[in-house]
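Asker: Sequence:
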Amino acid sequence: MADRPDVGWTGSLRARLDNLLAAAQTRLELLTVELQEEKLRLARLLFMTVLAALFLGFAAVFAALWITVALWDSHRLLALGLATGLFVALGVAAATVAAHTVAAGSRLFAASISELNKDRSALRREP
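Residues 2 to 128, numbered by the working numbering, are exactly what the sequence shown covers, in order.
It should be emphasised that the hints constitute simulated quantities derived from the structure, not laboratory data. From a predicted model like this one, the values you see are computed outputs, not experimental measurements. A virtual CB, placed ideally from N, CA and C, is assigned to each residue, including glycine. Check each hint, because a few of them may be wrong.
[Stated by the list, open to error] Pairwise CB distance ranges (calculated):
#1 Ala112 x Trp73: 56 to 66 Å
#2 Trp73 x Thr102: 55 to 65 Å
#3 Glu38 x Leu91: 49 to 59 Å
#4 Phe48 x Leu22: 35 to 45 Å
#5 Glu39 x Asp74: 22 to 32 Å
#6 Arg121 x Arg45: 27 to 37 Å
Make the full structure from the sequences, and use the hints.
Answerer: Have a look at this one:
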């Protein structure tokens, strides 16, 4: 009978460790899913950004050529200068927006961090 409380104590410890490992495994699986989702989102965003930049670049070049040809006899240098200034201003604006976006960042693994915080608070409440 003296061994029975010890078995209960080790059994309880094993059960707690099993619960802890199960929670850790669940959190790691959630982290993996979030990482895969973020990777897909970033790949899609990169593809669409490159595609948009390519088409907008073509449009800008053809618009500048069209304006220059239309004003060839009277103000061709003015048309080229204004088009260049516009492209530089748009490039600086896009770079500024990109820099602010990178600086702001995104909350990567927000769901995992939230769940880990819940786990920690639940463990603190247990006797």
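Asker: Take the hints in turn and mark each one as holding or not.
Answerer: We went through each hint and held it up to the structure:
1. Ala112 x Trp73: 56 to 66 Å: 59 Å, holds
2. Trp73 x Thr102: 55 to 65 Å: 40 Å, violated
3. Glu38 x Leu91: 49 to 59 Å: 32 Å, violated
4. Phe48 x Leu22: 35 to 45 Å: 39 Å, holds
5. Glu39 x Asp74: 22 to 32 Å: 55 Å, violated
6. Arg121 x Arg45: 27 to 37 Å: Check passed, 34 Å falls within 27 to 37 Å.
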